[in-house]
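The chain contents come next:
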Amino acid sequence: MIVSVASGKGGTGKTTVAISMAIAAAPVTLIDADVEEPNANILLRAPKRNVTGFSVPFPIVDPLRCDYCEKCAEFCAYNAMIVLKGLKVFAAPEICKSCGGCILVCPKDAISEKPRKMGLINYYSRLNVNLIEGEINVGEAVAKPLINELFRRLPEGNNIIVDCPPGSAHSVVESTRSADFVVLVTEPTPFGLHDLIEALKVTDSLKKPVGIIINRSDIGDNKIEILSEEKNIPILMKIPYSSEIARKYSQGIPPAEFSDYWREEFIKLWHNIMEIVE
Amino acid sequence: MKQIVITSGKGGTGKTTVVSALARIVKSKILVDADVDAANLEIVTNPKLLGSEPYSEGLKAFIDTDKCIKCDICRQKCRFNAIIINDQGNYEVTDYSCEGCKVCELVCPVEAVSLNEFSSGLIKHSHTPFGNLWHGELFAGRDNSGKMVTHLRQKGKDEALDKKADWILIDGAPGIGCQVIASITGVDAAIAVAEPTLSAIHDMRRIIELTSNFKVPVGIVINKVDINPSLVLEIKDWARSMKLPILAEIPIDKRIVKFMIQRMSPIEIGDEFLTGLYESIWNNFLEIL
Numbered sequence: 001m002i003v004s005v006a007s008g009k010g011g012t013g014k015t016t017v018a019i020s021m022a023i024a025a026a027p028v029t030l031i032d033a034d035v036e037e038p039n040a041n042i043l044l045r046a047p048k049r050n051v052t053g054f055s056v057p058f059p060i061v062d063p064l065r066c067d068y069c070e071k072c073a074e075f076c077a078y079n080a081m082i083v084l085k086g087l088k089v090f091a092a093p094e095i096c097k098s099c100g101g102c103i104l105v106c107p108k109d110a111i112s113e114k115p116r117k118m119g120l121i122n123y124y125s126r127l128n129v130n131l132i133e134g135e136i137n138v139g140e141a142v143a144k145p146l147i148n149e150l151f152r153r154l155p156e157g158n159n160i161i162v163d164c165p166p167g168s169a170h171s172v173v174e175s176t177r178s179a180d181f182v183v184l185v186t187e188p189t190p191f192g193l194h195d196l197i198e199a200l201k202v203t204d205s206l207k208k209p210v211g212i213i214i215n216r217s218d219i220g221d222n223k224i225e226i227l228s229e230e231k232n233i234p235i236l237m238k239i240p241y242s243s244e245i246a247r248k249y250s251q252g253i254p255p256a257e258f259s260d261y262w263r264e265e266f267i268k269l270w271h272n273i274m275e276i277v278e
Numbered sequence: 279m280k281q282i283v284i285t286s287g288k289g290g291t292g293k294t295t296v297v298s299a300l301a302r303i304v305k306s307k308i309l310v311d312a313d314v315d316a317a318n319l320e321i322v323t324n325p326k327l328l329g330s331e332p333y334s335e336g337l338k339a340f341i342d343t344d345k346c347i348k349c350d351i352c353r354q355k356c357r358f359n360a361i362i363i364n365d366q367g368n369y370e371v372t373d374y375s376c377e378g379c380k381v382c383e384l385v386c387p388v389e390a391v392s393l394n395e396f397s398s399g400l401i402k403h404s405h406t407p408f409g410n411l412w413h414g415e416l417f418a419g420r421d422n423s424g425k426m427v428t429h430l431r432q433k434g435k436d437e438a439l440d441k442k443a444d445w446i447l448i449d450g451a452p453g454i455g456c457q458v459i460a461s462i463t464g465v466d467a468a469i470a471v472a473e474p475t476l477s478a479i480h481d482m483r484r485i486i487e488l489t490s491n492f493k494v495p496v497g498i499v500i501n502k503v504d505i506n507p508s509l510v511l512e513i514k515d516w517a518r519s520m521k522l523p524i525l526a527e528i529p530i531d532k533r534i535v536k537f538m539i540q541r542m543s544p545i546e547i548g549d550e551f552l553t554g555l556y557e558s559i560w561n562n563f564l565e566i567l
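Going line by line, the protein sequences match chains A and B. So in the working numbering, spot 83 of the first sequence is number 83, and the numbers just go up one at a time. So in the working numbering, spot 107 of the second sequence is number 385, and the numbers just go up one at a time.
These are calculated hints, taken from the structure and not from any lab test. Here a beta-carbon is modelled for each residue, glycine too, at the ideal position from N, C-alpha and C. Errors might be hidden in some of the hints.
Said to hold, decoys possible - Output of the computed footprint for chain A on chain B, the stretches with three or more beta carbons under 8 Å from beta carbons of chain A:
id, region
1, 287-294
2, 368-380
3, 475-485
4, 505-511
5, 538-552
Produce the complete structure using the sequences and hints provided.
Below is the structure:
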């Protein structure tokens, strides 16, 4: 079973929920797909077991073959090929999407590819939670290839939990498309509601079963509950605001680790999701 | 005219709260919401829509099944795995994965592939009591390449120049990828909103590495200081070592959430101390500029 934890709005508690659920469901594999700002291991506090570099194919132009015909630059949909007539032709690393088009259009066979490192895949393990974390280098703009790579590395047969990036854009599609169930973590404010509605558009278009967790459930209004009734989406859990949870979170300790009560609640949550999926 | 971005790395640290307060403090400005897939500034600025227009930022491939001979070449050449064989056995492009690179069109031997403009969202222009607002709405699931942010910022800049506004305040998105890079490129300075949690500190360091790469001066606001006072000290030590100014330290105050829920900023609470704190963000910031 694959369960993705997403949210729309940032900072609602995705990672807290994902880690707590992983501890409750262990043994389990946890994927940190928020590759721009991966935080799962701040809450798992696990030693790094392994690390591998992640590269994308990147075009290299042979100056001896290139005759500056500009066909590559004309073709490139991202304006990533830069032609300095008579001097140099090169691709801009952060703009190139590695589509391979320039190689196909070059009449002189002057373009080949070599790997360009753009991030890391880190492996951690603790409490029977195996964490696979993607981390793009600072300055890299395009996270998608690394998110996709994480999903190619899923172990067979394990239960898998995915900590998704915030928002409702394409990276959320990539990190929820293979899920059997999506947990949406929100907060009872107009901001949480607005962004939840956006995230639901993604899960609706992917036809994924979803459930809602309301974090800091007592700080705001009841509009999330009204939405869940209207749309017939179950509210799986409510986590009231607690300065203890906030303080422990700040030190990197998730509720399921310091509180027996919350560990039990997350075990129930996991079983509940398994029942819904079956 | 100067452009200022409010950023954080981690989501939920209080970017929009800070912008909503600054919107009431700073005179003569244009507002830009650069978080187009979770645009929240409109919630706390009481906007009246002046106009909106569809926004398209690229092309998507389309396969004409009548012409397609199912040779499979496009599917093999597509690096984004965007071409699938559907339940009817026909070749189809999945909108979500297509990057509009045109390779499929190039390799198709029977010209069955065409590329069409693809609408990715709306660009909105609104009047608010605090200055006009440029905000976007990226349709759910669309690629956030940063181009929409760049477009919004250009619109904001044109209006600011036209109206001789002194400032453009940009509410940034979480993360460090395309849309964040697009919100930082070419700004005069940045305000990073941090909170004293290990996650937020980790993310703040990454975003400040990014602003440093762009040579953008940055000041730090420490929000929700009561969560963990010893981590507040850690942020301050780190900021000192990086020679970055702390603009303000803001406590948790339940009234702030209460007012934000009613679509008001912390300034409307009318608490002199709290208002003074938000004013000090701006006054200290003016010094570093």
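Right, here's what the structure says about each hint:
no.: 1; hint: 287-294; in the structure: holds (count 6)
no.: 2; hint: 368-380; in the structure: holds (count 5)
no.: 3; hint: 475-485; in the structure: holds (count 6)
no.: 4; hint: 505-511; in the structure: holds (count 3)
no.: 5; hint: 538-552; in the structure: holds (count 3)
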